[in-house]
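Got chain H sorted already, so can you dock chain Y onto it with the hints?
So the sequence lines, in the order shown, correspond to chains H and Y.
Take the first sequence: its letter number 12 is residue 12 in the working numbering, and every next letter is one higher.
Take the second sequence: its letter number 66 is residue 66 in the working numbering, and every next letter is one higher.
Source of the hints: derived by calculation from the structure; they are not laboratory data.
Built from N, CA and C at the ideal position, the CB exists for glycine as well.
Hints may be right or wrong, so weigh each one.
[Unchecked claim] Take a look, some chain H residues computed to stay more than 10 Å from chain Y by CB distance:
1) Thr5
2) Ala13
3) Pro113
[As the list claims (entries may be wrong)] Chain H regions said to be covered by chain Y (calculated; three or more residues, Cβ under 8 Å):
4) 42-50
5) 101-112
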Amino acid sequence: DAKTTQPTSMDCAEGRAANLPCNHSTISGNEYVYWYRQIHSQGPQYIIHGLKNNETNEMASLIITEDRKSSTLILPHATLRDTAVYYCIGAGDYGGSQGNLIFGKGTKLSVKP
Amino acid sequence: EAGVTQSPTHLIKTRGQQATLRCSPISGHTSVYWYQQALGLGLQFLLWYDEGEERNRGNFPPRFSGRQFPNYSSELNVNALELEDSALYLCASSFTGLHGDFGQGTRLTVV
Numbered sequence: 001d002a003k004t005t006q007p008t009s010m011d012c013a014e015g016r017a018a019n020l021p022c023n024h025s026t027i028s029g030n031e032y033v034y035w036y037r038q039i040h041s042q043g044p045q046y047i048i049h050g051l052k053n054n055e056t057n058e059m060a061s062l063i064i065t066e067d068r069k070s071s072t073l074i075l076p077h078a079t080l081r082d083t084a085v086y087y088c089i090g091a092g093d094y095g096g097s098q099g100n101l102i103f104g105k106g107t108k109l110s111v112k113p
Numbered sequence: 001e002a003g004v005t006q007s008p009t010h011l012i013k014t015r016g017q018q019a020t021l022r023c024s025p026i027s028g029h030t031s032v033y034w035y036q037q038a039l040g041l042g043l044q045f046l047l048w049y050d051e052g053e054e055r056n057r058g059n060f061p062p063r064f065s066g067r068q069f070p071n072y073s074s075e076l077n078v079n080a081l082e083l084e085d086s087a088l089y090l091c092a093s094s095f096t097g098l099h100g101d102f103g104q105g106t107r108l109t110v111v
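Isolated chain H (complex conformation) (with noise of 0.2 Å):
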């Protein structure tokens, strides 16, 4: 599974678009990337994946580098719901060959008003 690097935190204000950034240097060309975030004490919640194109949902866009070595997590406009720790997971289906998914730290992202 491919090893990703994040900020530890970032601080974002009500309204604005968060732009979260994740390295994955070493992703595989069958591996996904997939973004998940987790509120204090609750489970992790998806947020979306993708493998090249860039995604879009009711909840973030994904901007995938062409030769996806890093991507960005995008929150329109993040509201103080928003608070949570953010991954980025690199793995393929099955969440790889193993079957699981590897959560680093993740960032810690803060709206603020």
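Frame of chain H, contents of chain Y only:
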């Protein structure tokens, strides 16, 4: 569509006892994954069940075990509980192999 459900929400056990945690996957999902999240730490992979078989396990001792039933629900058993087993235990399910949401977890406290 109902999400992944876990029970109980909270569980308090004494050191040396056994704990049983349950997970019901999203309807139609055949894989169940278990993770442990100790306080202040990241999620650690425990077990993966698919179609009733254990497919992979993380770096945990054998006293962590489980099973998957014909209806794809799953049980996690922790024997000979130790204080450091106190954690949030999370379950996720999938059909295509791509993880979706997790359940809200079972908070296990060992005293």
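Hints and how they fare:
no.	hint	result
1	Thr5	holds (14 Å)
2	Ala13	holds (28 Å)
3	Pro113	holds (27 Å)
4	42-50	holds (count 6)
5	101-112	holds (count 6)
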